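Novice: So the chains spell out like this:
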Amino acid sequence: MIEVEGLTKLYDKFPAVSELSFTVRSGEVLGLVGPNGAGKTTTLRCLSGIIPATRGTVRIAGEDLAQNAIAAKRQLSFFPDEPRLFEYLTVWQHLIFTARIYQVVNYQEIGRQLLAELEMADKVDLLPGELSRGMKQKLVIACGLLHSPKVIFFDEPLTGLDPLGIRRMKDSILNRAREGAAIIISSHLLHLLEEVCSHVLILKGGLKILDGTMDEILQKFSEHAGDANLEEVFFRATREANENA
Amino acid sequence: MIGALMYLQMQSIRNRLRMRLRRLKKPKYLAGAAVGVAYFYFFFFRNLFVGSRSPAAADAASPETLLLFELMGALALFVMVLAAWIFPHERAALLFSEAEIAFLFPAPVTRRTLIHFKLLRSQIAILFTTFFLTLVSGRFGQEGKAWIHAAGWWLILSTLSLHTLAASFARTRLLELGVSHWRRRIIVLAAVGLLVVAVMRWVKSSVPAPAESDFADIEALKYYLRHALESGPALYALIPFRLIARPYLAPDAAAFVAAFIPAAVLMLLHYWWVVRADVAFEEASVELSRKFAERIAAVRAGGGWHSTDKPKKRKSPPFALRPTGIYAVAFLWKNLISAGHAFTLRTWIFLALFAVIAGVPIGLSSSSSGWLLPAVGVLTVLLTGYSVLLGPAILRQDLRQDLVNADILKMYPLRGWQVVLGELLAPAVILTGVQWCLVLLATATFSRFPEDNPIPLATRLSLGAAVAILAPMVNLVSLVIPNASALLFPAWMQTGRQHVGGIEVMGQRLIFMLGSVLVFGFALVPAAVLFGLVFFFVKIFLGEMLAAPIGATVAAAVLAAEAALAVGWMGRLFERFDLSAEMAS
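Protein chains in written order, with our numbering: chain A, 1 to 245; chain B, 1 to 585.
It is worth saying that the hints were derived from the structure and are not from the lab.
One thing to keep in mind: the hints can contain errors.
What the hints assert, rightly or not - Listed next, the in silico EDC-like pairs over lysine to aspartate or glutamate satisfying Cα-Cα at most 16 Å (straight line):
hint, chain 1, residue 1, chain 2, residue 2
1, B, K313, A, E87
2, B, K315, A, E117
3, B, K315, A, D125
4, B, K25, A, D12
5, B, K204, B, E176
6, A, K170, A, E117
7, B, K118, B, E98
8, A, K220, A, E231
9, A, K150, A, D64
10, A, K150, A, E63
11, B, K291, B, E98
12, A, K136, A, E82
13, B, K26, A, D125
14, B, K315, A, E130
15, A, K136, A, E119
16, A, K136, A, E87
17, B, K313, A, E232
18, A, K170, A, D211
19, A, K136, A, D162
20, A, K220, A, E240
21, A, K220, A, E232
22, B, K313, A, E119
23, A, K150, A, D162
24, A, K136, A, D81
For clarity, every value in this text was computed on a predicted model and none was experimentally measured.
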């Protein structure tokens, strides 16, 4: 579903991401982990076609993002850490606009269902300025899921959500994966990733320092330190990367 | 403690300057800075080196004229001070940035220290304003008197600033004592009313009123005004204000020193008043700073300074958007909602009907002489012309508004040109609607030239149709220019989240204005040439009536081709566009 090969993004001469390669198959959830400035958001922005990669190839649901951007973008959704909305469109008008962009004929039915799931059914006439941050986040999610994407990218998806919202978000991610979506989540909340991710990729300074399934990675580090969790794995892997550098 | 606050202030200024200097490494900022410096030199600084353009005029001010200026200045200061006691309805609040509040309010810093910090910071703004006002008033180069005017401005601005702050403290203290805003206003207005009555009675009894013939003589009026304000109750009421205004008008150094001492004492009294007032301003300051931060955020997100003042109203969509069809229409729909209630189909039908219903009877009364018909006609033609030039600057419901949301737009499964075309449509449609209404009105009313030569209905219909055909494409081409500039130079257009300023940005905007006019003119040349040719031949073979509309159709096709090429090119620009990289530099 998501195939990344030799992805490199340079800002002038500074490499934000270097030679990154990985694959996320249908039904898998990849946790993208790394310290601040590791290149996680840049990676997600390249994968979603917001910024062009300097080198490398990205294939979304079999479509090359550089060669066939439109077909690739039809299959994906990206949820940035900061919900970005049009301040003059109401909740429902956001859905109408998104439906036209993705040509979703039965948007009314899907939209109402999504809003009900996200507990926003009574907020259809509100403007973004009248919504809390969590509600804005939910509206972005409703818009992003309207066209039933096969590939989903989340950048810090739990920011601004209340405990119930966090629970629902985790369930929603797992449900989408069960339905066959390939998902990448970038987050600093390692406990969340441990709960929902099947795979982990640790980035540091734009370089991949570790990747594999969650079980493989935890097992690998457990050999040295008993029952390792993702937090310990992260600290040890980044420390080792520092020592090797 | 004040040392730490001064360090904060000085480092902030230093770092801001360093950032601006670093920006000059980019050629576009360097070019902008060069133009900005040239602008300042030619408009303000040139006199510094070559002397005043009319030194004689400045030196010619007689003592009577200076006295009148002093009285007028005192009156203006009186009104400003009065406003500080009448209009405000907030509690005393000092504006701090959110970071300053977060660092300073929980810190062991006394209220008086915070006030001193604010006064210190206000001095930076005052010194800059003083410098600017001194430049604007063109005083540099006038036989060494510039420093007098600079010091005069500084004294006026500092005292006004201190008085405004002291008045806000006093208003808060009055509120704490149970004197409401309205009670305070009534008391102040009653006192002012009494003063005005007293002055009027005095003037009526003591100063002979000017005769009707005196209104033709400015000197007689000056005399009357001087005596009205320089005697009786006005004399006493204006004393403190005249003391503040006097140093600015001092004709020489000795007079300045004599005028400066009482004015400085007055300013120091205000300072004493401010620092001695022990009024709680923290809570109101936190609220004020929050509002200020929200406004800055709104401006950076593409909204207006006052866009956070009132909750926004939901706007009705201009038409029902179906889930399938041309993508660009979705952007038109979205941006028309952004433009507001004024741009619905109902509004346009109403305006068109108004143009016909109001215009036709006026136009039909062409037999009557008078200025109304030519005036309405000329006005509508002028407004149509101005709308082409000014419309794209006023209507910004396009990429300039949406570029801050570039990340969302770039995620859509659309070609760049589809996004660009969609974004250009709303302002083009609005402008065209306005122009069509104006054309309708002009066609209906412009039946006579100012010299009374009649304009036949056939000619009006022919020209009206030609303008109506040309308008959409002319608008599209004129909107391409600022939108392409926003994609090429986002930092120039202030589309981003980061506010940009400084002399280099001002210079860039001057270059942009000049460039826009040139590009627009250049884009119109092929269409104008073809229009001329087609008009000439059609006039010969088919007659005058059809010449203008057919010529306009050909010209519109040329403009459409130009717009299509530009939209395609802009689409490729948009696909490569990375706002974060642009703003990071």
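Novice: Would you mind marking each hint as holding or not holding in the structure?
Specialist: Against the structure, the hints:
1. B/K313 - A/E87: Distance ~11 Å between B/K313 and A/E87 Cα, so the pair holds.
2. B/K315 - A/E117: violated, 26 Å
3. B/K315 - A/D125: holds, 10 Å
4. B/K25 - A/D12: Within the cut-off at roughly 14 Å; holds.
5. B/K204 - B/E176: At roughly 42 Å apart (the allowed maximum being 16 Å), B/E176 and B/K204 break the hint.
6. A/K170 - A/E117: Between A/K170 and A/E117 the Cα gap is close to 13 Å, so the pair holds against 16 Å.
7. B/K118 - B/E98: holds, 14 Å
8. A/K220 - A/E231: Measuring from Cα to Cα gives roughly 14 Å; hence the hint holds.
9. A/K150 - A/D64: holds, 15 Å
10. A/K150 - A/E63: OK: A/K150 and A/E63 at ~12 Å, within 16 Å.
11. B/K291 - B/E98: holds, 10 Å
12. A/K136 - A/E82: Holds, at about 9 Å.
13. B/K26 - A/D125: Status violated; Cα separation ~46 Å.
14. B/K315 - A/E130: holds, 14 Å
15. A/K136 - A/E119: holds, 12 Å
16. A/K136 - A/E87: Given pair A/K136, A/E87 holds - Cα atoms ~11 Å apart, limit 16 Å.
17. B/K313 - A/E232: violated, 50 Å
18. A/K170 - A/D211: Answer violated: A/K170 to A/D211 is near 22 Å, above 16 Å.
19. A/K136 - A/D162: holds, 13 Å
20. A/K220 - A/E240: holds, 14 Å
21. A/K220 - A/E232: holds, 12 Å
22. B/K313 - A/E119: Since the Cα atoms of B/K313 and A/E119 sit roughly 23 Å apart, the hinted pair is violated (cutoff 16 Å).
23. A/K150 - A/D162: violated, 27 Å
24. A/K136 - A/D81: holds, 11 Å
In this structure, the earlier hints numbered 2, 5, 13, 17, 18, 22 and 23 are contradicted, and the remaining ones agree with it.
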